[in-house]
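Going down the list, the sequences are from chains A and B. Going by this note's numbering, the first sequence opens with residue 1, and the numbers climb by one from there. Going by this note's numbering, the second sequence opens with residue 251, and the numbers climb by one from there.
Honestly, the hints are just simulated from the structure, not real lab data. Warning: the hint list may mix true and false statements.
What the hints assert, rightly or not - Ranges of calculated distance between the beta carbons of each label pair, as one might list FRET restraints:
1. A:23 with B:258: 26 to 34 Å
2. B:416 with A:77: 51 to 59 Å
3. B:416 with A:63: 52 to 60 Å
4. B:419 with A:22: 41 to 49 Å
5. B:316 with A:23: 53 to 61 Å
6. B:778 with A:35: 32 to 40 Å
Each residue gets a CB set at the ideal place from its N, CA and C atoms; glycine is no exception.
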Amino acid sequence: MQKIVEVKNIEKIYGKAGEKQYKALSDVNFEVEPGEFVGIMGASGSGKTTLLNILSTLDTPTSGQVHIGGQDITKLNTNEMADFRANKIGFIFQDFNLLENLTAYENIALPLALQNTNAKKIDPAVNSIAEKLGLTDILNHYPTELSGGQKQRVAAARALVHDPSIIFGDEPTGALDSKSARALLDTMSKINHEDNVSILLVTHDPFSASYCDRIIFIKDGEIGQELKKADHSRGEFYQEILDSLGTFAE
Amino acid sequence: MLNKLALSGIKHRLRDYSVLFSGLIIASAIFYMFMSLATNSAFLKSNSPAQATSFIYGFGVVLLAIITIVYISYANGFLLSMRQKEYGMFMMLGAKSSKISKMIFVETFTIGAIATVLGSVIGIIATGFVSRLVIDALDMQVKHFNSFYLPALLSTFAFFIVIFIISALKNSISIRRTKVLTLLHKDSQPARIKKNPILKAFQVILGIIFLAIGYATMILMGSNAALIYLGVPVALFTIVIGTYFMINAVITAVISALKKNKKFSQKGLNNFTLSQLSFRISDYTKILSMVAMMFALALGAITVGLGFQNQISTVVEGQNYYDVTVNNINDAQQKRIDKLDTKKVTTYSYKASKGTIYYQASEFKKTPFKYQKFNMKSMISKTTSTTDPSNADVSFELLNANLPRYRTSRVAVVDDAKFNSIDSKKSSLTLVRTKSFNKNLAAIKKINQAEQKRYPELKDAGLSKYDSYVMVNGIFSGLEFMGLFLGIAFLAMLASCLMFKILSGASSDVKRYNMLYKIGTRAKVLRSTINKEIAVLFAVPAGLGIVHVLIGLQMFSKILYKPYMNIEIPFGIFIVLYLGYYFITRYLYKKIVLK
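Okay, chain A solo, but in the shape it has when bound (with noise of 0.2 Å):
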């Protein structure tokens, strides 16, 4: 079967040849199956983003390939980047990153709007996703009116109404308090074991972590060790993850 992500031996420097130059990846490898839920833990300054931004194609590698639904996406230019991240891709951020100035219908209906999707076919799209979320009754509200819970459920609609290949997750529990959290990972637990969606969680919380299939640990540009779920219950993956931090971290 077709791999979802895999990257092969992406490099990533920053700074010009002959100045000093900072390395931010280094021969990072590694691959997620079709509905899998990978997690991707780090420090701070571990290169976690970075390799984000290249696996969303908002950077570039130095060097490497990305394929994304089978396709590099590390040879395309900055039209087809634009149309690959708003066909393939969805994002939930840490800082939501809603449009104020539209409802929560209208933020969830943008990326169909940006396909120039059918005006008849955006109505139903954004109200079974908006069901399955438990926002049909907020989505008439501006996201001032709403809880960080909410904005980021939202935002969650918003990544997956157009059907992406994958979902990019950075921090996406980050602003939230606890049960705002949990119930945002229950959810995205849900959508990927009912609806086979693929995610890609980039975070260095624990907890969120412990949502996931398999951790793939980067420190300092390079990928450590990996941790699979299997047949463990949350809270025991959840122990084996905090294990696993205090000695990668050493």
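With the hints as your guide, set chain B onto chain A.
What follows is chain B alone, placed relative to chain A:
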């Protein structure tokens, strides 16, 4: 240390500062340019026959002062919005708020002072340049006008120093009152627009009623000049209110209607653009109304100013049919006439004897004499052609074309035999009609001068077309010059105001556009949504302003012969300049937003 930090902050944002700085320079330059006219009473007196001129200028100064204050407060808001976060950081690091507010005061005032000095220098240069350009282009007669005028310079300094002290105080107080946290997380969150359909409908109706009253007043003033003193304030008041309601209610209604049309709104970024606009418009109603009014005043001033230019040729054309008259033509004058782009050259022979001038009937039969017959009722002259100049009206015209010494003579038209029998020297009168008086002006001037040299009596009593052109041009040029100057000054101010209002909102848009970029919007689409949004913000006041002017010109229907003649020229000039501002604004906005 803090000063050093503040300085490095400015260096860091040099591009944004250069926008602000050039804006302030333009403001003071324009203010100086205008003051150089308004404070120069010798110029005003010598260039306008009308008492109303100083009234118009007083009015102009007040308007310009108001718009300058508004402009500087926007520019100031822009300055503060750029620096707020930084100030917050200094305060978080432990800087005392008194120290920060002192720093802001010094910064605002220094920027203002430098801009004013530079602006005045540019103003002096620009005044010289613009006035030369305008005067040459329109062959104006402008007296007592100097680009450097001390009272203007002093009043510009005084005005700007006061404004900058006030805005520096305002900035430092507002920073002192704001909490550090608010400064650090300065994300302006637009409030939800209040949608009250009944209130909006009421505003639409009210807007239409006010505009109707204003327009009716202007039209009435056109037919009865006595109404002006009451009419101008009434029209100004009603149109200002009407404009405000129209922008507030009608535009938002159109936007919501467009938003409801899913086919349109759910396409690409249309919905985003509409939402940006509807939030903007409610925030912008005041400035857009002001810009619409200023637009109308500025365009009106330029149109009326250039209307006087049309007036010159209409009046001149209405007085004389023939562009050139030459007595007893010689070789030199013939050569000069040959250089003209002539339509028809007519020569009549005559003999003067005992208080009577004799013409040959055969010559008039061959080439009829043409003159401008003035209709007292319609105030319009009509070109009339006749073969019998002995008629009182015609003989008057014919005598006027001739040498002054014959003006009291009697005109007799006789047959060839009688003409030849008269014992007097045969003279000739050559009348030239060119294809265009204005295009041949330089050559006509030479012929006129040569003719005056040949017959010195023409110098004092000249009634040639060129002489009347010089006279009429002298009367109207001053008015025209003022109209153009006033119009261009207002335009520059109003467009800069709009530009700064839009740019000061740009920093809060950075995040939105960044997010749209992240979720896969092509850069081209982002640019086009910015273009559309700014285009609407520029077009709304322009559209209303144009309607105001078109109706407002009715006020001049008695003063100007044809107020709507050649209207495309001032409108064209104005719109090109205004478009220039639009392009600059969208360029700068994109520089800020799409990093």
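Evaluated hints:
no. : hint                        : result
1   : A:23 with B:258: 26 to 34 Å : holds (30 Å)
2   : B:416 with A:77: 51 to 59 Å : holds (52 Å)
3   : B:416 with A:63: 52 to 60 Å : holds (59 Å)
4   : B:419 with A:22: 41 to 49 Å : holds (46 Å)
5   : B:316 with A:23: 53 to 61 Å : holds (59 Å)
6   : B:778 with A:35: 32 to 40 Å : holds (38 Å)
In this structure, none of the earlier numbered hints is contradicted; all agree with it.
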